[in-house]
Amino acid sequence: MILASATGFAVPHIDYTAILPELILIGGSLVLLAAGALNVRHLPTRVYSLLSGATGVAALIAGIVLWQKVHGGGHPLTAVAHSLVIDGFSTAFVILSACIIIVSSAIADGYLRREGIAGPEFHALALLGASGAMLMAAANDFIVIFLGLEIMSIPLYVLAALDQRRAESGEAGMKYFVLGAFSSAIFVYGIALTYGATGSTNLAQIAGYLATNVSTSNGLLLAGAGLLLVGFLFKVAAVPFHMWTPDVYQGAPTPATGFMAAIAKVGGFAALLRVFFSSFHSLEASWQPILWVVAVLTLVTGAVLGLVQRDVKRMLAYSSINHAGFILLGLQAASREGMSASLYYVFVYAFLVLGSFAVITVVGGRGDTSHAIESYRGLARRQPLLGFGFAVLLLAQAGAPFTTGFLGKLYVVEAAVRSHSYALAVIAMLTGAVAAAFYLRVVFVMYSLPAGEAAPAMALADGGALATGTEPAAAVAAPAGESRGGVLVAAPPEAPAGAATGAGGGLRLRAASLGIAPSTLAGIAVTVLFTLALGIWPAPLFSFVHAAGLLF
Amino acid sequence: MSVPADFYLTLSAVMFTIGAVGLLVRRNVLVMFMCVELMLNAANLAFITFARELNDVGGQIAVFFVLVVAAAEVVVGLGIIVAIFRRRVGATADDVHVLKG
Amino acid sequence: MLHAAFLIPLFPLVGFAVLVVGGRRLGNPLAGWLATAMVGLSFVTTVVVFAGLFERAPGRRSFTQTWWNWFSVDRLHVSAGVLVDPLSMTMALFVTGVSTLIHLYSIGYMEHDEQFPKFFLYLNLFVSSMLLLVLGGNFVMTFLGWEGVGVCSYFLIAFWFDRPSAASAGKKAMIFNRIGDAGFLLAMFLIYERTGSLQYQTVFARLGHVGGDSLVAIALLLFLGATGKSAQLPLYPWLADAMEGPTPVSALIHAATMVTAGVYLMCRISPILHLAPDAGHVIAIIGGATAFVGATIACAQTDIKKILAYSTISQLGYMFMAAGVGAYVAAIFLMLTHAFYKALLFLGAGSVIHAMNDEQNTKVMGGLRALMPITGGTFLVAWLAIGGVPPFAGFWSKGDVLLNAWGYSPALYVLGALTAVLTAYYLGRCYMLVFSGKARWVEARATGDGTSRGHAEPALEADTSNPNVPHERIAAPAGPASHGRLHPHDPGWVMTVPLVVLAFCSVFGGLINLPFHPSFVFLERWLNPVVGRALFNPHLGAGSEIIFAVIDAVLALFGVALAYSLWRTAVYRREVEPTFLERAWFIDWSYDRLLARNSTRMAAFTSAVVESRVIDGAVNGFAVLWRRSGTVLRRVQTGYVRNYALGIMAGLVVLLAWVASRTFS
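Keeping their order, the protein sequence lines are chains A, B and C. Note that this note's numbering has the first sequence beginning at 1, numbered continuously upward. Note that this note's numbering has the second sequence beginning at 553, numbered continuously upward. Note that this note's numbering has the third sequence beginning at 654, numbered continuously upward.
Okay, chain A solo, but in the shape it has when bound (with noise of 0.2 angstroms):
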């Protein structure tokens, strides 16, 4: 507790090199906006995705190398005045994000370049976002939490709103702020009622007013902490405090939601792992069974409204709210392994969400517009890579073994299921099997023919590959200057070029005509290998989130 002192302020020691990723992402988005107003708009999209990418790489190593450190170290480190912790958990948060931010500049450099969006906007934003996430991750006090809850939020508005064009992108905007903001004051006001309870704002001296003071009839305090719980609750989707997100999802830029998507969990989900596990773990037999509760609510509400959207978007927006659901099964189990198993579960869905996302970008086709789960209708057939990657990430999400998505699911489960929870398990599973059934609605869809498609064409080439000679004539009217600023047009070289332009629907017509980036599939490829990698070993990923874990 740092008492008044008349005489002024200590300045305290800053230890730059604990926060350096965190340095790394302001700075490089505050180069990415100058070079954009200086140069007004003449550099090439490419250069600000490759500078945001180059940034998010120096986090990378910059987060590695703090890992490095506290692990072979051993104990955690504090930074500015202990308003900051450095140890495993927030490493490998920061390592996450880092990680988050490389893989969605590769994947929105393709969109960008597609939709003629000059200026370095977007990848500014996701920078300052994910920069803010790495701040909640590593926040002792709930002050700084606030600040990277901000910091991580108001980019992400602005994300939404993005596109102008599209009227529903001003609309999720306007709706991911008003909502945003509210809760942010719920937020606000649950850190003063915290602060007015204990005496601070310090996580760290909270947990230690707490171990000394038995105080579970404190109304104040657990109101505080009921505040807060909404304010998260809020970030990560959970029910009931969920209902801006799938108008929020289908409304945004698809890479922007997939940024979204990611790292609004990723900081939401670290900040209330760290606040309930540390700070407020005495207080645990009230806040789990409100966890329980929401948990349910969480699982059930996904699974449920996911399965009557007609729009992928909304439809990924539901099934996020059903994994939210999930990870939240691990807090709720409130010990060690349901702590691992929600870290783990966070890490596999960031790559999951972002590499389903990027494959709902090179779907939507020029405009961002055509979400409808028609027309994935026989993507598998056009672009058996794309609609393998697609199917491998929906696959996964709906936990499907050999798949980091089964893991995840079997992980926070056993966690349950070890604290005894085994209703909610149960309900959990249950929920998974529908939310599988909308998954598979996708795949399937993808895998069967386009409406009017004679069955020959059906056969299967050697090796069990898709063959591309049989692909529907109708499907492959791909105009090559439909696309623009150097997108690859992906349309099967054997094609004979413009036979049968005539048929076909208009839908099926704009679906043919993918114009796939190559950073965009390297987006893509990334997150499906590390999807299937390591869903068939495992090892390494579980022991680094067991060591964040442990490293608390």
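Just to be clear, a hint being listed does not mean it is correct.
Using 20 angstroms as the maximum straight-line C-alpha spacing, the simulated SDA-like pairs for lysine to any residue come out as follows [claimed, not checked]:
#, chain 1, residue 1, chain 2, residue 2
1, B, 652, C, 1286
2, B, 652, A, 370
3, B, 652, C, 1293
4, C, 824, C, 887
5, B, 652, C, 804
6, B, 652, C, 1281
7, B, 652, A, 311
8, B, 652, C, 1282
9, B, 652, C, 1240
10, B, 652, C, 1287
11, B, 652, C, 1280
12, B, 652, A, 372
13, B, 652, A, 166
14, B, 652, A, 310
15, C, 824, C, 1240
16, B, 652, C, 887
17, B, 652, A, 444
18, C, 824, C, 804
19, C, 824, C, 834
20, C, 1091, C, 1226
21, B, 652, A, 212
22, B, 652, C, 1091
For the record, the hints were derived by calculation from the structure and aren't laboratory data.
Keeping the supplied structure of chain A fixed, place chains B and C upon it in accordance with the hints.
For chains B and C alone, coordinates are given in the frame of chain A:
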């Protein structure tokens, strides 16, 4: 001599509630946003009250952070609102409800 | 140099991966050469590792190579890795060696097939799986390979899947193998439950704490798995049908390698069998019975591949007999030599079938000896080798088994000796029908296949009983134009080289484990650290061993002479080809009547009533319930931002109410 802390806290709670209810019942986006500001200021009042009660400067510092963040929020929020409602008459939140279900 | 062990299964796997991606682009014959080269590289690696192992002191010839930690559940830690020891390396050596030869042969044999690259893709995957099975350092790895070879076997039996008989033969193999696999799985559960591990060395080290009954149960469950994979009574009928696959497949998978996996498993778990002699009795008796039954059936078959199939079943029975009496070295010795001469027989049969435009009926062959000297000569060698004529390889290996059988029980010895006579006899019959006598195929072709007899097919499927349908469709179409213009000749070098190499091995293979003097038993000394000495080794003096050797030789020559006198000129002798044997003791027929039809009926009932009404009804009802609630719930999502704020507020109020109730109660 001095006003008891409970009075301040009650005022703060009332402000917070007015802000929250206002956000629920008003339809003008700008007014809704003013309600959010009211809630934030309720929190600020609570911070200052507690800081005085605890004789701790931390709460007062927190107020500055909240003020700065609120200002940043206003900038961004107004930007978004202006962008949306540039071509509309009035700024009613209920006008935008394409996204639902 | 020993660390190269991981490359052994990797090379064929790489070949498989390359063929999956670019098999069609490589095409014919490049895909075949690539596959062969990969298996060849694997063979070379095996030789190198083998040599490295050989240089070590006998006590240090076993080590585990762990690749990575595969998965951990509770106490169970399963690592991906191999166990390199004399037993596994011996197996790997012969698997890769024989596979290389058969890959080479297949390049010639399959050259006209449209699915040429796919064939080699499966073949490479098979070799990789087989090597995992053999080298696997724990039961799970072995099981992985076990299932892998099963799947490849299924794909390859049903390779010509547009033929109903091939498709149903594939299914049959799958079903019989699944029954066995269930035993394997249960055994693994039991092993884990009793010892807490699945790693071979850990399990064997902890056997002392496991009760005798559990050991017998484990051994018998694993033996059930082995009976499925190695086609022993009662799970043998699939192997005869498996001959629907291309002949190189029959040679590689259904004669030389995969079907011996069961025998390998028995040798691998020899420490368990040592402690569970009751299981050993069962294995020895089943093995002996299978050997005898298989040999009798082979005496009355007319299809050349069926003869060889039943012969394989019979020889595998011999191996199990040896393993059951604790003579693991004898089992491995017989397995090695059998791989040589049985692969040779199949490849020879393949050459004949190739030359005869896909004819498999021995009754319409004859007189090929002069036209196909290399095939005929090597087939002769193989016959004498399998028949146990000295000094060919089979004489030594079979003698070893019989000697151990005598030490165990004279009755088993008599069964084995009878089988030995029959073996020499039925292959003699086959040789005589195919290679000597008159060239009956000239008249058969000229008269439009009239002499092919309808009941020549012992299988139950009606659709296979028409020999007019070409059995293999590899060669140019055998239409009416080719009638009477058949010019059988030896195939090209890619097919004859493997024949000659295998014939060489069949002649001299016995050298690796000669009896009479302790310094000659190389194989026994090599394998000794792994499997130990034979349980029932009679320890007879050199004199008695010579007596037994003479008896064996006489029995073999008697069989040869019998075949020669009966079949030198004759084509039909119904008195020695009774229907009872031709129809394989009606075992398959009774399976069909008793089990297959009834379970089909039950399946129909389940599908019509239980599945579609009860289960589907429940599932659909559940789905409808969820969808309905979704349709209702989505109305809450109005699109109005203040309603969303109301949601947050409601949540907040409920939460605060809960807090208040806790605070003020």
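> Failing hints, ascending?
Replying inline: 5, 9, 16, 17, 21 and 22
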